[in-house]
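Visitor: Sequence:
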Amino acid sequence: MKKNWELKSLTQEQVQEFYNKGFLIIKGVFKAEEMKSVQSSFENLYDLAKGLDGNTQEIEGSHFVFEKGGLNRIVWCGGKEKYLLDFSKDERILNPVSDILNTGVLNQIINQAHFKMPGERIEFKWHQDSEHRRYGTEMWKDVDGRGSYVQTVVAVDEMNENNGPLVFIPHSNQEGHLDLQNNKELLQKIEKMEKVSLNLQPGDLALFGPYTIHSSSVNLSDSPRRVLINGYAYPGANSRLYPGVGLGRELAVS
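Its first residue numbered 7, the sequence shown is counted upward by one per residue in the working numbering.
Treat the hints with caution; some may be incorrect.
Said to hold, decoys possible - Just the calculated beta-carbon pair ranges, DEER-fashion: (1) ASN61 / LYS195: 34 to 42 Å; (2) GLU129 / GLU66: 35 to 43 Å; (3) GLY76 / SER203: 21 to 29 Å; (4) GLY151 / ASP185: 15 to 23 Å; (5) GLY151 / GLU39: 22 to 30 Å; (6) LYS88 / LEU193: 36 to 44 Å; (7) ILE65 / ASP92: 15 to 23 Å; (8) THR17 / GLU197: 31 to 39 Å; (9) PRO241 / ALA38: 32 to 40 Å; (10) VAL111 / GLU197: 37 to 45 Å; (11) ASN108 / GLU49: 32 to 40 Å; (12) GLU129 / GLY151: 31 to 39 Å; (13) TYR52 / LEU13: 35 to 43 Å.
Stated by the list, open to error - Keeping only pairs whose Cα atoms sit at most 25 Å apart, straight-line, the calculated BS3-like set for lysine-lysine is: (14) LYS190 / LYS131; (15) LYS88 / LYS56; (16) LYS201 / LYS27.
Since the hints were made in silico from the structure, they are not lab data. Each residue gets a CB set at the ideal place from its N, CA and C atoms; glycine is no exception.
Based on the sequences and whatever the hints tell you, model everything.
Guide: Structure below.
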């Protein structure tokens with residue numbers, strides 16, 4: 007850790023756990039009453055999406071992405087639902103992220119609403135987020151040498167083994183960027199690796215790095231499984247333009 011940075015909310019042991027396992031879970035970050043406003047924003051977005059006839063498009067800075075299985079995600083969801091942008095700069099999210107990245111300035115590039123509704127066939131195969139950050143191209147630079155990025159997931163609904171939970175391969179981050187989509191041999195080996203399937207309640211927070219291998223399967227339950235995803239880069243890491251936010255928005259951690 008840099009000597010001039012004092013931990014805001016995490017312990018040194020929690021920071022070490024993040025970099026050792028590749029992820030960190032913090033229970034009960036937001037109360038049920040607080041999550042009602044998030045759930046309301048998600049319902050507004052989903053109601054709007056139902057009128058788009060499955061056509062991917064941008065509305066007021068929010069990019070609605072559909073796949074054959076249904077509504078995949080809404081990129082920069084706070085463009086349309088401003089509350090979700092305000093929520094994404096809550097100190098209960100920013101403080102642990104800044105502790106992990108060891109910086110008081112963050113570049114937010116991701117603000118996404120993910121929906122897994124009953125009957126829809128939305129799933130995410132094994133991958134690393136470093137692929138989406140464009141690791142290995144001029145659009146991304148690992149400034150701090152440890153990934154320079156933290157993805158956060160706030161559970162909007164309960165997440166369990168029946169509704170397509172987020173699944174991590176612990177310690178997979180230790181191998182750095184693996185170019186998984188061009189590594190069929192490794193993808194086959196993943197099925198035999200140790201896995202951690204998340205069980206979260208609304209308001210729980212998961213944080214993970216860009217090299218952590220993860221996936222999520224189809225929601226087989228009769229209830230929604232929704233999450234709010236926010237991603238923060240170390241200053242100077244990102245050069246990619248994202249829908250709604252361009253190169254990102256700078257957030258100072260007080």
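Visitor: State for each hint whether it applies.
Guide: Comparing the hints with the structure gives:
A beta carbon spacing of about 38 Å between ASN61 and LYS195 agrees with the range 34 to 42 Å that was offered as a hint. In this structure, GLU129 and GLU66 break the distance hint of 35 to 43 Å, their C-beta atoms being roughly 28 Å apart. Checked against the hint of 21 to 29 Å, the C-beta distance between GLY76 and SER203 comes to roughly 22 Å, which is consistent with it. Under the hint 15 to 23 Å, the C-beta atoms of GLY151 and ASP185, about 19 Å apart, fit the expected range.
With their beta carbons about 41 Å apart, GLY151 and GLU39 fall outside the hinted range of 22 to 30 Å. Distance hint check: the CB atoms of LYS88 and LEU193 are about 39 Å apart, consistent with the given range 36 to 44 Å. Range check, ILE65 to ASP92: Cβ separation about 19 Å, and the 15 to 23 Å hint holds. Restraint check, THR17 to GLU197: a C-beta distance of roughly 34 Å satisfies the suggested window 31 to 39 Å.
Distance hint for PRO241 and ALA38: a CB-CB separation of about 35 Å, consistent with the stated range 32 to 40 Å. Checked against the hint of 37 to 45 Å, the C-beta distance between VAL111 and GLU197 comes to roughly 40 Å, which is consistent with it. Distance hint check for ASN108 and GLU49: the Cβ-Cβ separation is about 37 Å, which falls inside the suggested range of 32 to 40 Å. Between GLU129 and GLY151 the Cβ separation comes to about 32 Å, which falls inside the hinted range of 31 to 39 Å.
Between TYR52 and LEU13, the C-beta spacing of about 37 Å keeps the proposed range 35 to 43 Å intact. Using a Cα cut-off of 25 Å, the hinted pair LYS190 and LYS131 holds, with the two alpha carbons roughly 13 Å apart. Taken as a hint, the LYS88 and LYS56 pair is honoured in the structure, with Cα atoms around 20 Å apart against an allowance of 25 Å. As the CA atoms of LYS201 and LYS27 are separated by approximately 11 Å, the hinted pair is consistent with the 25 Å bound.
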